[in-house]
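A.B. asks: Quick one: dock chain against chain with the hints and give me the complex.
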Amino acid sequence: MTHFGAVVREERERLRRRDRRFSLRQVALRVGVEPAYLSKIERGRVPPPSEAVTRRLAQELGQNPDVLLALAGKVSGDLLAIIRARPRLFAELLRQLEEAPDHAVLRVVREVRDGEW
Amino acid sequence: MITLDDDRLTFRFPDVHAKAVLTIELQRTLRIPDHDEGLYGLPPGLGRFPLRHLDDYAGRIPAAQLRRGGVITPMYQAEALWIAFESSADYPFAVKVAAGKVCAISGGGWMGHLNTDPQDYLAAPDQPWLDGFCVEEGVVRQFVAMPLGQGYTAEEQLTGEAQHGGLQLMVFPMKADRYEDQYEEHERGMVMSAPPPPAADMGLAPGGRMRQQIYADDYGLDAWDQRRSSRCFVTIANSRQWLSITGERPPTEPPSARAYTEAGLPWFDYYAGDAAALAGADKLHGLASVAQTAAAAGDAPPPDNQPLAAPRVVTLRRSDTAQVREPSGWDTY
Chain A
5 MTHFGAVVRE
15 ERERLRRRDR
25 RFSLRQVALR
35 VGVEPAYLSK
45 IERGRVPPPS
55 EAVTRRLAQE
65 LGQNPDVLLA
75 LAGKVSGDLL
85 AIIRARPRLF
95 AELLRQLEEA
105 PDHAVLRVVR
115 EVRDGEW
Chain B
15 MITLDDDRLT
25 FRFPDVHAKA
35 VLTIELQRTL
45 RIPDHDEGLY
55 GLPPGLGRFP
65 LRHLDDYAGR
75 IPAAQLRRGG
85 VITPMYQAEA
95 LWIAFESSAD
105 YPFAVKVAAG
115 KVCAISGGGW
125 MGHLNTDPQD
135 YLAAPDQPWL
145 DGFCVEEGVV
155 RQFVAMPLGQ
165 GYTAEEQLTG
175 EAQHGGLQLM
185 VFPMKADRYE
195 DQYEEHERGM
205 VMSAPPPPAA
215 DMGLAPGGRM
225 RQQIYADDYG
235 LDAWDQRRSS
245 RCFVTIANSR
255 QWLSITGERP
265 PTEPPSARAY
275 TEAGLPWFDY
285 YAGDAAALAG
295 ADKLHGLASV
305 AQTAAAAGDA
315 PPPDNQPLAA
325 PRVVTLRRSD
335 TAQVREPSGW
345 DTY
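Sequence order for the protein chains is A and B.
The first sequence begins at 5 in this note's numbering and counts up one residue at a time.
The second sequence begins at 15 in this note's numbering and counts up one residue at a time.
Pulled out of the complex, with its shape left as it was, chain B reads as follows (with noise of 0.2 Å):
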């Protein structure tokens, strides 16, 4: 089951194990510079995107979208976020994320189920966070929001339709045995007629290139409880499609990476020893990022997209809960 608290969704399988709770969050995010050679590190993490349920704007939303379910949240075009994976038993799962149904982490189109060759999801919170397509060992392309329809999207560049959009999420748990094994003994609506609906028709296309591993499921497959599992479809509304179906204010822009960089902030790396790390998906490796599809339409590159010099950059280490991924907090030490 799935339940929404606070902007979170929190995925329990009280049936599995009491402490099979792991929590998905979507963090607002600076986007980085988007150009072939540059490589970034983490940017912070800005606080969570709004979440709500998709069912309380019925009749605000086309009866097409209506029926995926799930959650909607606002992001302004060429926009970033990142996914924080979190679960306070440290209770392992196995997790699936799609962009319009292309998954980020193998390129392959959806399957409701978990494939080790190639790797099709990552294991939480082992993996902690999540930022991008994975398109080369160490390496992924920055999750970045653009309108359907115009080629900018993983989805359209590899299906060449515009068909679902926005972010998918699959979870399944750890088997209880598995678990208690490995960890216990180490531990301790309304509806209006209206004029129609607009469409939240946003989907994440490839930005900057950023260093983070994707790490390889030491788990094994035979971990995971494939009989249980939840799934979400996170439908992606634009600014002023999320005032017009919400009645919200969306939250402001997150500021440019140049002027968060300049007012000497921090950027991040993760360290979590000798986890080996996925080689990135062929299929992403190829995908064309959104200033490339712009240059390749003759359009405006995003804005702010200069390269920028080498910022600072503090690792982060499993171990050290204290430490967060958030500019706050780093300033005055």
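Isolated chain A, as found in the complex (with noise of 0.2 Å):
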């Protein structure tokens, strides 16, 4: 679980160096957390937070909910209210598209439509 907290820090100080507002200080403030429990996250002394912290944690860095989510050992809670709405299809779906490539995984997903214009 160490390995949320060290992207998390990597990704911060990375920002920080060319803006201080990416300071550990300020970085909690804006994401509703106290700075030490930050510093904790980021020390993997501390499991990681919440899914909402996370979301904005993830927002605050420009990174992506999903992936930073992934990391923390947690799956989105949308995404969790998408397959408990249809269980069984989703669950198929998702097994069958365990090992496809990325291409082929796209192309399940919805298009936009482009039609006459």
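One or more of the hints may lead you astray.
Here are the computed distance ranges between Cβ atoms for each label pair [what the hints assert, rightly or not]:
| id | chain 1 | residue 1 | chain 2 | residue 2 | range |
| --- | --- | --- | --- | --- | --- |
| 1 | B | Ala-323 | A | Arg-47 | 41 to 51 Å |
| 2 | B | Gln-306 | A | Ser-80 | 44 to 54 Å |
| 3 | A | Ser-54 | B | Asp-236 | 31 to 41 Å |
| 4 | B | Thr-17 | A | Ala-40 | 57 to 67 Å |
| 5 | B | Gly-126 | A | Arg-47 | 32 to 42 Å |
Treat the hints as calculated values from the structure; they're not laboratory data.
Model, not experiment: these values are computed from the prediction.
All C-beta atoms, glycine included, are put in the ideal place defined by N, C-alpha and C.
C.D. replies: Okay, here's the thing in structure tokens:
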């Protein structure tokens, strides 16, 4: 679980080198946690934070929230809701796609249809 | 291929290059005052406009509009927008942007390919934003939503017809070998019978003047892979039509430019070094703005249109990815 904290710290420090608004203290304030808690998260002394805090961290650091949640060992609540709504269909779909290459997975996403204009 | 996620359009060209991914979003913003001597900075982004698949509302949208495909978004009358382009790998794209099928860069009619004389596309994400019609070198007239059929939109002024409305986007990726050469080495529905559905019939009209350079294409026409492209029609519904089509409430109206400025919040400028800017299109330069059209017709000008004293302007630079064109993050520093 230290991996999550290390990624957050590395990304925050990278941003801080160019902009001091990315100090531990200021990021913690914007994300809505105590600086001491964020410090513990970054050092892997506590488990990764809640989904809501992880999402705010992702937004603050310009990271993809799903990727950061995965690093935290979590799955986004909206994804869980999608699976729970049609569990058989989506469980089957995900198992089918487990080994598929990225381009094959992209083929099953919904595209914006282009028409006549 | 284009996908829609979280109110963003993602254009992917996996068969050209794995990194050929461009995201386009429509940002809500203030309408800047529209008067002849005014020249304003770039207004802030106030969040993304909602975007939905048009196909999800088949039966609630006239068949002629449904045929266009694409997405639908809500705008209040006289509300403004700007367009943001982002590529996380900095993969270059040529992007055509049209309003009512009138090119916002050249003023020409719609063509499904790229032209350089005059240039009728922009190179994104070097060009990170487009706020309006390119009327002079370094000056655009803001994109402002107005109902079709009243003579305000660029389309009606240039073609005499109110046929298309909306916003049209077409994206061409850079050729993969050019990208590799230039970059890799440098870097690392449902159907119901119901009363006739409301037509979503808003178009974009030229509003107030602001400082924004549209950069000349430095890569050259040969850089773009014109065999591959994706395009999308963005239908614009007014807020009432949006509610009846989607059942969703549109976002609240943005604050007035005056209220925003008086709150001490920043406007923006963009610095891109010595990149050359396009001269602006004569056809677009000659368009009447919303305020001018209203005055000529004896209609009331758009609300909150008084000139503003010099607002606080924050200059953003390409190199600084931590800076954002939003009101938050600036007020406390």
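A.B. asks: Quick check: which numbered hints come out false for this structure?
C.D. replies: Of the numbered hints given earlier, those the structure breaks are 3, 4 and 5, listed in rising order.
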